[in-house]
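Participant: Based on these hints, arrange chain B on the given structure of chain A.
Each protein sequence line maps, in turn, to chains A and B. Residue 1 is where the first sequence starts when you use the numbering used here, and the numbers rise one by one after that. Residue 1 is where the second sequence starts when you use the numbering used here, and the numbers rise one by one after that.
Just so you know, not all the hints are guaranteed correct.
Said to hold, decoys possible - For lysine-lysine, the following DSSO-like pairs were computed, each having C-alpha atoms within a straight-line distance of at most 27 Å:
{"hint": "1", "chain 1": "A", "residue 1": "K114", "chain 2": "A", "residue 2": "K266"}
{"hint": "2", "chain 1": "B", "residue 1": "K151", "chain 2": "A", "residue 2": "K114"}
{"hint": "3", "chain 1": "A", "residue 1": "K151", "chain 2": "B", "residue 2": "K114"}
{"hint": "4", "chain 1": "A", "residue 1": "K151", "chain 2": "B", "residue 2": "K151"}
As the list claims (entries may be wrong) - Reference excerpt, derived from the structure (chain B facing chain A, CB under 7 Å, subset only):
{"hint": "5", "residue": "G145"}
{"hint": "6", "residue": "V187"}
{"hint": "7", "residue": "L195"}
{"hint": "8", "residue": "P345"}
{"hint": "9", "residue": "G411"}
{"hint": "10", "residue": "T412"}
{"hint": "11", "residue": "E416"}
No wet-lab data here; the hints were simulated from the structure. Glycine residues also receive a C-beta, built at the ideal position from the N, C-alpha and C atoms.
2 protein chains.
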Amino acid sequence: MRLDLDLPAGLDLIVDPDVLAGLSHDDAEWAPYGTALAAVRPTNTAEVRRVVAACAARRIPIVPRGAGTGLSGGANAVDGAMILDLSRMNRIVEIDAENMTATVQPGVVNDDLKAAVAAHGLWYPPDPASAPWSTIGGNVSTNAGGLCCLKYGVTRDYVLGLEAVVGGPAGEYGTAVRLGRRTTKGVSGYDLAGLFTGSEGTFGVITEVTLRLRPARREAPRTVVGAFGSVVAAGEAVAAITRAGLLPAALELLDRTCLRAVEDWKHLGLADDAAALLLAQLDTPGLAGDEEATAVADVFRTAGALWSEQSTDEVEAEALFAARRLAYPALERLGPVLTEDVCVPRSRVPEMLSSIERIADRNGITIATIAHAGDGNLHPLILAPAGDDSARQAAQAAFEEILTAAIAMGGTVTGEHGVGLLKRAGMRQELSAGVLAMQVAVKQTLDPLNLFNPGKVVG
Amino acid sequence: MRLDLDLPAGLDLIVDPDVLAGLSHDDAEWAPYGTALAAVRPTNTAEVRRVVAACAARRIPIVPRGAGTGLSGGANAVDGAMILDLSRMNRIVEIDAENMTATVQPGVVNDDLKAAVAAHGLWYPPDPASAPWSTIGGNVSTNAGGLCCLKYGVTRDYVLGLEAVVGGPAGEYGTAVRLGRRTTKGVSGYDLAGLFTGSEGTFGVITEVTLRLRPARREAPRTVVGAFGSVVAAGEAVAAITRAGLLPAALELLDRTCLRAVEDWKHLGLADDAAALLLAQLDTPGLAGDEEATAVADVFRTAGALWSEQSTDEVEAEALFAARRLAYPALERLGPVLTEDVCVPRSRVPEMLSSIERIADRNGITIATIAHAGDGNLHPLILAPAGDDSARQAAQAAFEEILTAAIAMGGTVTGEHGVGLLKRAGMRQELSAGVLAMQVAVKQTLDPLNLFNPGKVVG
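Pulled out of the complex, with its shape left as it was, chain A reads as follows (with noise of 0.2 Å):
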């Protein structure tokens, strides 16, 4: 079945209803998602220059997806759309470790890019939680973070320049585009590959990113563990944690319901009698380092820590931190997890921690919270039981009520999982009239058909 597109003729069309159901979403549970027209995995830029000229032709929407990690629905297909799966653009193009720079199509996942330049001596740091599965196409599209943000800045913050396929104003859909640049700096222009990171593939299908990248680092950093009496005190104590002037590469929050999820699933050995554990990684090399690991260990103290330790097992610590990431997996396999990203100003975390409280107690569910605590992103982790219809209901009121609280605090609705879908009311109670209609206008000049990820941000 060729469906009359124009494709290249070694691309397969895939229309098996049950691959297709796969495609058809990301991790965002309850996001909606439509009945896909069919899909393809191109392997290079001119196939998806192909796919996406014939698909405007027939107004076929696109919907580009990477490994269908998100969590917002982004990658979720609408009825009639055209999924393109660019998994299978897997090739890192070049490491340049001269210029410190990978350049990379947008289906290589993290992890592999991370090992591909440690094998340079280099560093890419952007570490979201799905890192061993999540693609770099994904990654840029969402403005991913992760763990080591507040040092080391967002996926943003890496991408120095892109190629993409898109249609308006550069040409006929199906253009191929390279924005931004090879170098460190550059201001040749309005600065369209940034505009980019983050869009969601609402602009245009991304086929290669280059990216910065940073000598790798020189030693193992330093863990710091301090165990509290309440989630609302670890929150105090990251505020104190800003106050003394420490910038840790990594500051983690995991409640105990997080860490006992780990702990029945994966059997670490974690201590699990404290409502919350802080995880700081230091990685200041040398004496400098330990003195600011000391000094941490002292803020949880002065902050009320149960107890606060720096680990010096390495192996301990690499657990600690595993945990961090497993928590996620770890409570999905309990049942459906509705996963908040709200990102507050530092300084208002406890208060944002005893708000979250206030709403699992209202709503009468269970919160389990896992924290980006040092740049203020929280992700409370709204739990329902499968197949319960009032807690689902009940989950999705206190999912409404979280980014309510958060845009009181001066915060945003999504601070690195995106607007997809489950976020677009969020962000039209969180950003003005004025700012959502230039939005729009953006989106409906780059993109005039609306054919790419319709729906998805402004739609």
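Facilitator: For chain B alone, coordinates are given in the frame of chain A:
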């Protein structure tokens, strides 16, 4: 005289031709500028809104300016324009030490902000050489860089959010919008704050900026100096630094002409027997920083330095960096200086320096080079005796040849000064027709009447 404009009562309209002429251009040599209608010096957003609305009603173009230290003509008046001098909007609205942010009006001078946040144990890294005079509004509008970009990024990396007075999709001209956020992370909608950064006032007037800060550095950085027999040899050492996995906070190059001009002016007692000096600053704290400084000195020697030493004398180290900052004004004392701002991949720095030497020879002119060498960002300063028309033409020819050479090496025509007027032809050479069309389309969307700084960037 009110020019029939509906302006706020307290706002004086400046129409004195001499004052207007002084406000009608920046520091870009030989960049054309027109005759402005008038100028105003608003002190708050409400006044800017009124001025923009009044100008729009009469279709009067609006040219915003800060301190006028730009080097591309981005703040130059067009005929009949209203100059919006924002230098009196110089209030630091808030320093939020707990969240490591500062919110400022656009007329705040970079060094004044640095001093104010230093009192809170904080640091605003972007440090263009113009930092003692240039304003945050100008820095944001050009996405200014500086010396510490290699390790700490450019202005863009510090802009969290901003307020701008706009027109078009957001509403009538004179509408104020808040773009971006106050939080460390945030992906709620397209990155319009990022898009405005570096847009040179062509989308609207920036009236407030919220900036990310970092903790102050705990100790003075180490300085390493290397003297080289040729600028190309110094360029080779720059490439070797990257290969060694070293990440200095600054890595600057100064050639003999620059050093002598500073010495003749300021008598700092600098060595000027070498063809080029490299100045590296290492700010990793403690023993690790000492080790890095030693490693840099070793790389300099291995790369063929005449001599290389770690400066143990803070006064001497400061004098060397002062020389770097003073190079441009020192040369400007001698006559017109046409300032280049190309950026090439770091590994091509030696080749680009050779190319600059050949271009100088071919055109029979003197080019003094200062460079943020670690960024690959070179500022060849093209000298021409005042009043010598053929020298001016030779300088202008060399200017365009250097742009072409940089593009051929995978570089960009402007690393940090902006397109303004002087780099418009270079930008058209650098970017594809498709990308230029996208740039124009975005400008037309956000400023449909083409009133905001018309003719700049894409004009």
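Participant: Tell me if the interface restraint on T412(B) is satisfied: Cβ within less than 7 Å of some Cβ in chain A.
Facilitator: holds (4 Å)
Participant: With a cut-off of 27 Å on the C-alpha distance, tell me whether K114(A) and K266(A) pass.
Facilitator: holds (25 Å)
Participant: Quick one, are K151(B) and K114(A) close enough, alpha carbons at most 27 Å?
Facilitator: holds (20 Å)
Participant: Less than 7 Å between beta-carbons is the criterion; does G145(B) satisfy it with respect to chain A?
Facilitator: holds (5 Å)
Participant: Min Cβ distance, L195(B) to chain A: is it shorter than 7 Å?
Facilitator: Since chain A brings a Cβ to about 5 Å from L195(B), closer than 7 Å, the hint holds.
Participant: Have a go at the G411(B) hint: is there a Cβ in chain A nearer than 7 Å to its own Cβ?
Facilitator: Result: holds, 6 Å to nearest chain A Cβ.
Participant: Quick check on the hint: V187(B) CB to chain A CB, less than 7 Å?
Facilitator: holds (5 Å)
Participant: Double-check E416(B) for me: the hint is only fine if its C-beta lies closer than 7 Å to a C-beta in chain A.
Facilitator: Since the shortest Cβ distance to chain A is 5 Å, the answer is holds.
Participant: Are the Cα atoms of K151(A) and K151(B) separated by 27 Å or less?
Facilitator: Since the Cα atoms of K151(A) and K151(B) sit roughly 12 Å apart, the hinted pair holds (cutoff 27 Å).
Participant: Holds or violated: are the alpha carbons of K151(A) and K114(B) at most 27 Å from each other?
Facilitator: holds (19 Å)
Participant: Hey, does the P345(B) contact hint survive, CB to chain A under 7 Å?
Facilitator: Status holds, d = 4 Å.
Violation of the numbered hints given earlier is absent; every hint is satisfied by the structure.
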